[in-house]
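Engineer: Modelling step: build the complete structure from the supplied sequences, incorporating the hints.
Per the working numbering, the very first residue in the sequence shown carries number 1; after that it's consecutive.
Do not take every clue at face value.
Listed next, the in silico EDC-like pairs over lysine to aspartate or glutamate satisfying Cα-Cα at most 20 Å (straight line) [unchecked claim]: (1) Lys121 with Glu109; (2) Lys121 with Asp24; (3) Lys121 with Glu21; (4) Lys84 with Asp71; (5) Lys121 with Asp53; (6) Lys121 with Glu2; (7) Lys84 with Glu109; (8) Lys84 with Asp95; (9) Lys121 with Glu94; (10) Lys121 with Glu13.
Quick list of the computed label-pair ranges, beta carbon to beta carbon [said to hold, decoys possible]: (11) Ser135 with Ser7: 10 to 20 Å; (12) Gly92 with Glu13: 29 to 39 Å; (13) Thr4 with Phe60: 25 to 35 Å; (14) Phe22 with Asp69: 17 to 27 Å; (15) Phe22 with Glu109: 14 to 24 Å.
Quick caveat, the hints were computed from the structure, so don't treat them as lab data.
These numbers were taken from a predicted model, which means no experiment stands behind them.
No residue lacks a Cβ here, since even glycine has one placed at the ideal position from N, Cα and C.
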Amino acid sequence: MELTIHSESELFEAGQRLLAEFPDSRVFCFYGEMGAGKTTFIKEICRGLGVSDTTSSPTFAIVNEYLTDEDESIYHFDFYRIEKLEDAYEIGVEDYLYSGNYCFIEWAENIAPLVQDDFIKVQITVGTNGSRTISTQHP
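Structural biologist: Spelled out as structure tokens, the structure:
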């Protein structure tokens, strides 16, 4: 899947398309430079899944839990500040990843040994005109 987004208003639909493209997947890893829009995109995906809670980057908390309208948990990770893999293990990351719930991971490159082949890799690239290209990788 590859989409080019020209405005933030297109992100909701892009999120719906991403989930439809991978209906059986629950773990999505987001890659992109600082300011590429990872958090904003995850916010729109969560909205599409029925999250009415305020969503924000869990930069300091490392993980945020959101509840859908059906009381299902969604986990949003930001591993930007992780300095060593042991820090991820200390928060119980594997329990989250294999919970069967949606997990959206920012800065997954900082926990690369934990990223499995069946996780969906979502690359967000900033274009020169401010557009964003969202592309996925899946085996």
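Engineer: For each hint, tell me whether it holds in the structure or not.
Structural biologist: Quick rundown of the hints versus the structure:
Taken as a hint, the lysine 121 and glutamate 109 pair is honoured in the structure, with Cα atoms around 10 Å apart against an allowance of 20 Å. The suggested pairing of lysine 121 with aspartate 24 holds, with an alpha-carbon distance near 14 Å, which does not exceed 20 Å. Restraint check for lysine 121 and glutamate 21: satisfied, since their Cα atoms lie roughly 13 Å apart, inside the 20 Å limit. For the proposed pair lysine 84 and aspartate 71, the alpha carbon gap of about 33 Å is over 20 Å, so the pair is violated.
With a CA separation close to 25 Å, the supplied pair lysine 121 and aspartate 53 exceeds the 20 Å bound. Proposed proximity of lysine 121 and glutamate 2 is supported: the alpha carbons are some 12 Å apart, at most 20 Å. At most 20 Å may separate the alpha-carbon atoms for a hinted pair to count; lysine 84 and glutamate 109 meet this at roughly 12 Å. A threshold of 20 Å between alpha carbons decides the hint, and for lysine 84 with aspartate 95 the separation of about 18 Å falls inside it, so the pair holds.
Under the criterion of a C-alpha separation no larger than 20 Å, the hint pairing lysine 121 with glutamate 94 is consistent with the structure, at around 17 Å. A threshold of 20 Å between alpha carbons decides the hint, and for lysine 121 with glutamate 13 the separation of about 18 Å falls inside it, so the pair holds. Between serine 135 and serine 7, the C-beta spacing of about 18 Å keeps the proposed range 10 to 20 Å intact. With their beta carbons about 34 Å apart, glycine 92 and glutamate 13 fall inside the hinted range of 29 to 39 Å.
The supplied range of 25 to 35 Å is met by threonine 4 and phenylalanine 60, whose beta-carbon atoms lie about 32 Å from each other. Take phenylalanine 22 and aspartate 69: their Cβ atoms lie about 21 Å apart, and the range 17 to 27 Å holds. Between phenylalanine 22 and glutamate 109, the C-beta spacing of about 20 Å keeps the proposed range 14 to 24 Å intact.
The structure does not agree with the numbered hints 4, 5 stated previously, though it agrees with the rest.
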